[in-house]
Amino acid sequence: MRHVFTYCGHFYLYDTGSGSLHECDEKTARYLGGEEVEFTDEELRETLRDVEGLQKEGLLDAPEPAAAPIKSEELKALCLHVSHDCNLRCRYCFADEGAYHSVREVMRFETAKAAIDFLLRESGKRKVLEVDFFGGEPLMNSDVVKRTVAYAKEEAAKVGKKFLFTTTTNGLLLDDETIDFFNREMENVVLSLDGRKEVHDAVRRTVNGKGSFDAVIEKAKKFVRARGDKHYYVRGTFTAKNLDFSKDVLFLADNGFDSISLEPVVTDLPDLAIREEHLPAIEREYETLAEEYLRREREGKGFLFFHFQIDLEGGPCLSKRVSACGAGNEYLSVVPNGDLYPCHQFAGEKDFRMGNVFEGKIDPALRKKFRDSCLFTRKKCSECFAKFICSGGCSANNYHYCGDIDEPYPITCAMMKKRIECAMHILAERKTREN
Amino acid sequence: MIKTIAKPAEKKVTGCGECRSTCQSACKTSCTVGNQSCERVTREQKIGEEK
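Protein chains in written order, with this note's numbering: chain Y, 1 to 435; chain E, 1001 to 1051.
Mixed in with the good hints, there may be bad ones.
Here are the simulated DSSO-like cross-link-like pairs (lysine-lysine), alpha carbons at most 30 angstroms apart as the crow flies [stated by the list, open to error]: (1) Y:Lys210 with E:Lys1003; (2) Y:Lys161 with Y:Lys369; (3) Y:Lys71 with Y:Lys431; (4) Y:Lys361 with Y:Lys380; (5) E:Lys1003 with Y:Lys301; (6) Y:Lys27 with E:Lys1007.
Honestly, the hints are just simulated from the structure, not real lab data.
Please put together the full structure from these sequences, using the hints given.
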C-alpha cells in the first residue's frame, strides 16, 4: 500500500508492505498518488525507472508481510497498583482521581509478594520480566514498593530471571532518599508534569483544590539532574484547553527535561475532551513542534519526544507489531486486593476482572479474547498505512470510546497518523543532514 | 526522482517476546509499538554479563 504525503514542502512515499520510506519531487509524488501528471519524456523515463527499480528491490508495492501474532501465554509484565489513592485530584484522571471508582486503599506487601510469585510462575521461559509501580500515587505506599523490589530481585535470582522496574509518579513525594532509590532500582521513571504552570495548575490540583505545579517542579528538576543517563520520561497530558501544547513540550525542554511525552487526554469531560473539530489545530501543532524539534537538534540542543521516535530500520519484530501491546495476555494489572485486569485502564471494571493473584489463575475466556485481538482483528486498520507502526491502537481506548477493543477511535487514529508523518519527516531530515 | 530514506533491516529473530512491554515505556494511553527498539540482544547480553 502506498501512502503519499506532503510535509512542509517535502513529498514522501511510505510503502506499508515493505516498511520503506522514500522522498520524491512534487510531480513524482502526485503521479505515485494516482494523479494524472504531465511529465517531459525524460522525467517520465526517470520516474518509471525509479519505480521499477524500487519494485524489483521489494521497496515499493511490496506484498504485506505474513506475520503471526504472538500466541504465547507466558506472562511478561505486571502493573502493580500499589496505591488506589492519590495526593492529587487531577480533573482528567481516568482513574477517578486515584480511587478507581471504589474505596481508597493501598496494596499490602503480602499482595505484592503474591503478584511477584504469580508473575515468576506464569512467565515460562521468559528471562526479562517487568513490573510497573502505578497508582493513584505509588509513593503513598513507598514502603511496599521498596520491599517488593527487594523481594522480586531475590526470587528472580533463584530462577535465573531478571526484573526491570518502572514507577509512574506525580513527583509530589519525591525526596533525596526516593531519588536515590529510583536511580538504584528503577529502569524507568515516568514523572507526570503537564508543562506551563497555568496549564498544569488548571487540571492537576491538590486535594485542597490548589494547583500543584510549584510543589512539584523543583523536585522534578532535582530528580532529573540526579538521574544521569538512566531512562526517564516526563509525561504530560494535553486537553482541549491547551491545543497550543507545543509550548508545553518546549517549556519542559527549556526547564531541563530532555525526555518528554505529551499525550492527548482520555476523558469525556466536555471542556477537556479532544473532539473532531480540534484536529486541524492539533495537526498544525504537531508540525510546529516537529520544526522546532529539528531546529533544536541541528543546534545541538535536541531533546527526545516520545512520539517522534520511529525506527523504520530496526524496531520491533513483525510478530510484536501485529500483536499490539499485549494487554490481557502478556501484560496484566493487579489492583490492591490482588484482582487482575487486562491493563491499568480496565482496572475495577467488573466485566474485565481476570482473576486474582491469590487464586493464581487467569480467566481463560478473557485471556483468549485479548490474545486473539491483534492487527488482523481490527478490520478498520486493514486500509491504514500506519498499521504496522501503531498496531491498531490501545485496546482500552478502543473499548472506552467505541465499545469494542477491536474498534479504533477515529480521533485517536488521526492524531497517531499525524505524529507518524512528523516522525517520518524528522527521520528524513536527520538522514539528509548525516549525508 | 525518488530517494530511499529508510528500509527495514532483515531480522533473524521474531516473536521471542523479550522486548520491552509496550505499556512500560511512557505514554500509558496511546502506545506506538513501532517506536520501540527491539531490546532482545542487549538484554540477553546484559544478563550474560551479570552472571
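Earlier hints that do not hold, by number: 1, 3 and 4
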